[in-house]
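Q: Letter by letter, the chains look like this.
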Amino acid sequence: MNAYAGTVLRVDLARGKITKESLNLELARGYLGGRGFAASILYQELEKGTDPLGPGNKLIVATGPLSGLLIPGAGKTTFAAKSPATGGYADSSVGGHLCAEMKYAGYDAFIFEGISPQPVYLFVDDEEVELREASRYWGQGSISVEKVLKEELGEEFQIATIGPAAERGVVYSCVSHDFGRQAGRAGVGTVMGAKRLKAIAVRGTKSIPVADLDEYRRISRQMYDACRASEAWESWTRLGTSGVNMWSDEVGSFPTRNFQSGAFEKAEGLAGELMRERIVVTDKACFGCSSPCGKWSHSKKHGVRVEGPEYETAALLGANVALSDIEDVAYANYLCDEYGLDTISAGNAIAFAMECFEKGIITTEETDGLELNFGQAKVVFALLEKIAKREGIGDILAQGVKHAARVWGKGSSDFAVQVKGLEMSGYESRNAPAMLLSYMTADVGAHHNRSWAITYDLEVGRDKVTEDKAAKVIELQHIRPLFDCLGCCRLQWVELGLDLGYYAAVLKAVTGVDRSWDDLLKISERVWNLTRAFWVREVEGFGREWDYPPARTWKEPVISGPTKGKFVSREDVEKLLDMYYAQRGWDKNGIPTREKLEELGLSDLVKI
Amino acid sequence: MYLRADSSKCSGCRACLLACSLYHFAENNPKKARLAITPHFPNPGTYEVRTCTQCGECAEVCPVDCIPRDEKGAYYIDAEECIACMACVDACPEGVIFVHPDYEAPFQCDLCEECVSYCGPGALYIE
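Sequences listed follow chains A and B, in order. Numbering of the first sequence is given in the numbering used here, commencing with residue 1 and proceeding in unit increments. Numbering of the second sequence is given in the numbering used here, commencing with residue 1 and proceeding in unit increments.
No wet-lab data here; the hints were simulated from the structure. Do not rely on the hints blindly, as some may be mistaken.
Chain A is faced by these chain B residues, among others (derived, beta-carbon under 8 Å) [said to hold, decoys possible]:
{"no.": "1", "residue": "12"}
{"no.": "2", "residue": "24"}
{"no.": "3", "residue": "39"}
{"no.": "4", "residue": "41"}
{"no.": "5", "residue": "53"}
{"no.": "6", "residue": "54"}
{"no.": "7", "residue": "87"}
Don't be surprised by glycine CBs; every beta carbon is placed ideally from N, CA and C.
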């Protein structure tokens, strides 16, 4: 099958048995790859009510049809499972080189089932596949283990690992790859840990077949030329996502002190330009990317090397806990990477505990004696260790802010900043209704990558709560996750303005299947409705209330900065959902209608 | 004419390797490339790019004299004459004469410049 490797590896960890299956043509046609594969496999193969940490859950690692090809940023791998953080659908994508290597080895996806009796890692060298004993790596950090495996197996192996946090069941543990890239969100690493799968190591020497080589190379050339010619190339490549830091602060969306504000009075200490000058060593790219946004940094202050900090980390482990020294943030980033913690959820958890402490909801009795004041780097480092080891207060925070708010009570759930149980990523949205709606309806919980609509709020008017905003969110929720189906990065489009028309054209050239961009968006909509159906099936009573943001949204105005005094009223939250559901063809409770499922070809599969 | 690399500008994306394999073998396969990138992570966190320097040591050690130079000045292995002894592979000081299980004869850079045209940060250049 052109543009695909043609084989899926099914790994039964309980029995230590690995099966090679031919890639299902209908799966490729109907769901493209990556996130589409994951959603389809999880919906069809998981039994209703599966325990996310039990043997019934499956960890899917999936590439897309563009992965490993000469297309800018064709290095995105999807990790997916039923989430231990939310109880619903989870997929998280990671850049780097893993998906490319998987396809060169001959595999489109890995499906991990069951629980291994002892720690193992999956070894893949073209046809040679086996589970290898990994007890000696158990307990070691993600980066350390990757280094050791590369030394043992060879530099050419691409490695994905988990850290001690995942082994201990911290619900927001990530999968790490390429020394600092993570499939970070919603606990896909936690599922890997529960399966006692410490790592995946892959090397491949095969070629990926394509349908029309000349046409593919012609479009590929145009895509690379267009990226390099983009006016944004220079600044984007110089700073990567850290270039967003000061912009976000200026527009009042930089989450500060547990999202109490959208502006941080010491944001200059986190500025992208300062970071570049002070700690960045090397630009670090994902596979095939000519505009490398990854930054490899060296903090002399803390004596560590780390990838980043990315924008999200500067936001959540910087401003949101009021750290203003980029080297302190870099060290917190390093700790998260080595322990295998998602920096977004970890930053939220710490900020939540700090606000609870400052409000007197918890005292030093609950904090193991620590004074949890904002702005204290040592406290942040200590809490990260406690979370990873699940010690004392860390055991509560290891289960996410929704859980911690339940334990500590006293109204703290109002400012536990999460949706569906997943902590919010780095955009304070009380004066950005489209961004808020993006968080409310993202299909893994409060994450920005499905729809990043804050620029639309800025463009059309921040106070407006109008139909076009719901329409924009839906449009973005189809475009952006489509890249995760294709196995390719979206940032060339988002940041460099690369024309979307290239993607349908190059996909046609490599697969030989003629599909318009609209056809592809329809597939993305199918996936979106399928992940929604997964939530409906797996979560008792799932519906509208699961799309609500934290009550702080309407109860408390922003306390400082350019959006001071702003909030989104409860009425406007309801209005946003009404508009969104109606435009999506869902009922008033947010459940896809029969008609919508039929339109998307899902009515046989989905019975809700 | 030489293909040069400024390793400090390389970000390790490997587009050059893929462009190379597509140009010479019409295949998507970085393992069939004629230049090499070695990442050194986590410490110091750099990429090392190696290209053919046209030093000619391969030609000197070839027992059947099948590594002549083409009109660009690039040494190339004549696969028809090659006896696959791998003396050139071992002798290459840069480690940029490559082998792949699909082919008996090794292969090396022929200064086609395809990799240069795909290198976003400009780490590769012709001199």
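Q: Could you check the structure against the hints above and give me the numbers of any it violates, in ascending order?
A: 2, 5, 6 and 7
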